[in-house]
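Participant: Put the two chains together into one complex; each comes in its own frame, and the hints tell you how they fit.
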Amino acid sequence: MPDEGSESVGFNPGEVIIEHVSNSSIDHPIFELPTVLGINFSVTKHVLMLWIVAVLLFVLITWSTRKYLKQDRPIPTGFMNALEAVVQFIRDSIVLPNVGKKFVNTWTPLILTFFFFIVTANAFGLIPMFEVLGVVDRFILHTDPESILNRVLHGGATATGNYNVTAALALITFLAIIVAGTKAHGFIQHWKNVVPSGLAWPVYIMLIPIELMGMLVKPFALTMRLAANMMGGHIAILAILSFVFIFSEMFQSVLAGVGVGLVVSLPLVVGVSALEIIIVLVQAYVFTLLTAVFIGMAINVHH
Amino acid sequence: MSGQRDHFLAKSLESLQENIRRSGPAATASYTLVGAVLFLGGIGYLLDQWLMTSPWFLLGGLLLGMVVGFYEIAKAVWKR
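Residue numbers (my numbering), protein chains in the order written: chain A, 34 to 336; chain B, 95 to 174.
Isolated chain B (complex conformation) (with noise of 0.2 Å):
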């Protein structure tokens, strides 16, 4: 009985891990997306503050970080 419960977690196991493996780009590839949006914009948005220049650093940090988080998306999908 033990011994097939140690199958069954080990079996569970390891398509777990196999599904984390192979998601491993997609998930990457997603959070660059909502990280450089957050990042760029965060830079423009602090740009803003310093040069008073309210709102247009921080509207071209939030388009770079689309442009840049989309890029790494069709990295991901094209790369095979």
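Chain A extracted, bound-state conformation (with noise of 0.2 Å):
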């Protein structure tokens, strides 16, 4: 909701763009829930869309998928053939080149997981349903500072934005491939795949941190790479409807922000906001893609 900064005596861009792209405070969180064992389970904006999609998901996928399996004729129709077409996409062309014949159907499962919920979690960020809230709420609704309705407005709706989320995320990929590599190979075997075989002892002793460093920084770069591109798009484009409030108090008037903002902003603004749907499935793509790459590696070793 752009419209917070220009009440207050100064703009701040970097205060409201941060305030905007980041979870809500663990000190105000929508919903209480108590600490265990020091952790504390209050639910903020992130874990709710991310219950959110979760649940969306589970609800969709299984009852269109049950309403296919009980209808006579085998062609999908609707929602269920786009869901079929997906499907289909992902093994065919993403898990069985990579994974192989032997282990395709071992590991779809996750990797559609991945894609799916990815891709639902980034689309959310795109769709303003909490601004437009804040707007209602603004105008219309006058609700308590300390309601729900308003705890929700506060940091934004991209729960893959969020670096804990991502390197959960890639925290699975993690253990997924020394599933794999167990599954395959045995678990000795495994380990003993991580460096190639066949050389001098004292290459093994640089070789082996080496290697194993290089597992953790796989991961490292999903998580990176899946926050810090689902952050940069929203980030632009607040940085972009900033310019609103930076030139109205530049030049004392309303006129002169409201004009900046239709000529420039706005523009540039449906122009970011369309690169965006592409990168929320690029993003969601390529972290699928790269779970089965790693996965792949660990299962056709080539040494």
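Quick caveat, the hints were computed from the structure, so don't treat them as lab data.
Be a bit skeptical, because a hint or two may be false.
Unchecked claim - What follows is a set of in silico ranges between Cβ atoms, one per label pair, in the way DEER data are often shown:
(1) A/311 <-> B/101: 19 to 27 Å
(2) A/168 <-> B/150: 50 to 58 Å
(3) A/238 <-> B/101: 50 to 58 Å
(4) B/150 <-> A/117: 55 to 63 Å
(5) B/113 <-> A/245: 25 to 33 Å
(6) B/143 <-> A/204: 33 to 41 Å
(7) A/306 <-> B/139: 54 to 62 Å
(8) B/101 <-> A/117: 15 to 23 Å
(9) A/196 <-> B/107: 30 to 38 Å
(10) B/107 <-> A/165: 27 to 35 Å
Unchecked claim - Derived BS3-like pairs (lysine-lysine); straight-line CA-CA distance at most 25 Å:
(11) A/134 <-> A/216
(12) A/225 <-> A/135
(13) B/169 <-> A/225
(14) A/135 <-> A/216
(15) A/134 <-> A/225
(16) A/216 <-> B/169
Beta carbons: idealized from backbone N, C-alpha and C, even for Gly.
Facilitator: Now the structure itself:
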């Protein structure tokens, strides 16, 4: 909601932008939950978004698949048709070429879950539902600042733009790589496969730590790429929108701000938003593809 | 007309997919280079903060990150 800053004495674009892309504060959670083992389980906005995405996907996909399985015709229609096309695309052109025929059905479910979860969480970040809710609240509802509705309004809505979320996803990839290698070659052989075989022993002293660090770096790169990409687009949009307030402050006239907004900000934001739609799909695709590549590397060892 | 457009779209999608699939290892390696430098440099920085040894662990971490990153690139390049 870009009109927040205009009310304060000086408009601080950095502060407003950070508030809009970061998670809501744990001190003012949406729902209070108890602290277990030193971990505060209270629901912040990104956690709420994760729940919404998970529940929505579970209900939608289970419902449409069950409906399809019950019908007599083997031809899917509507949403199921689209779903089937995506599932088939991921199985045949992401998982199969990387993982191989033997393990394709073992790893397709995980990679499909990754894809649907990431693409939905990414796409939800593009829908300005909380911004619209904020406008409604400000001009029509006038709720109490401590109400749940008001707490929901603070912080970004893109759960995949949070490094903790992407780190958790990458951790699943990391474990999946180990499980895949273990399933294909056995536990000990998987760890032996980490380094190439048949080298002189002094080389191993250097190679083993480097390979182990490489193992950790891969999920780290996955974490950074997804979160940074999802956050970057939002920051760009908000920075362009903040021109409106910067210019109205600079020239002490709302008209100047609105003019700059209409001529510069609006077309640019439309363009960046269009790019964001592509990024939403490409980042989900890249994450799933790289997960499949890494799992495939653990299964088909080429040393 | 619609059939032709479908065909065109399908062909573009296919070639995009093929290109992304082929660039997969290279993209992995390049991200690994950046990731390794950031990751190990970050660990070095934190160790420096903790042990008050600035800047030695940071420098060591950055160097090690470059070694690991270039090793991953070398692996991707000389695979075939």
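Participant: Hint check: residue 216 of chain A vs residue 169 of chain B, CA-CA at most 25 Å. Holds or violated?
Facilitator: 24 Å, holds
Participant: Between the beta carbons of residue 168 of chain A and residue 150 of chain B, is the distance compatible with 50 to 58 Å?
Facilitator: 53 Å, holds
Participant: Take the C-alpha atoms of residue 225 of chain A and residue 135 of chain A, compute the straight-line distance between them, and say whether it is at most 25 Å.
Facilitator: Holds, at about 21 Å.
Participant: For residue 113 of chain B and residue 245 of chain A, compare the CB-CB distance with the range 25 to 33 Å and indicate the outcome.
Facilitator: Given a distance of about 32 Å, which is inside 25 to 33 Å, the answer is holds.
Participant: For the range 27 to 35 Å, tell me whether the beta carbons of residue 107 of chain B and residue 165 of chain A fit it or not.
Facilitator: 33 Å, holds
Participant: 15 to 23 Å was suggested as the range; check whether the CB atoms of residue 101 of chain B and residue 117 of chain A agree with it.
Facilitator: This hint holds: roughly 21 Å between Cβ atoms.
Participant: Compare the distance between the alpha carbons of residue 134 of chain A and residue 216 of chain A with 25 Å, and conclude whether the hinted pair is satisfied.
Facilitator: 14 Å, holds
Participant: Is the hinted range of 30 to 38 Å satisfied by the C-beta distance from residue 196 of chain A to residue 107 of chain B?
Facilitator: 31 Å, holds
Participant: Is the straight-line distance between the alpha-carbon of residue 134 of chain A and that of residue 225 of chain A 25 Å or less?
Facilitator: 23 Å, holds
Participant: Note whether the CB distance of residue 306 of chain A and residue 139 of chain B lies within 54 to 62 Å or breaks it.
Facilitator: 36 Å, violated
Participant: Would you say the C-beta atoms of residue 143 of chain B and residue 204 of chain A sit inside 33 to 41 Å of each other?
Facilitator: 24 Å, violated
Participant: Between residue 135 of chain A and residue 216 of chain A, is the straight-line Cα distance small enough, at 25 Å or below?
Facilitator: Given that 25 Å is the threshold and the Cα spacing comes to 11 Å, the pair holds.
Of the numbered hints stated above, those contradicted by the structure are hints 6, 7, listed in ascending order.
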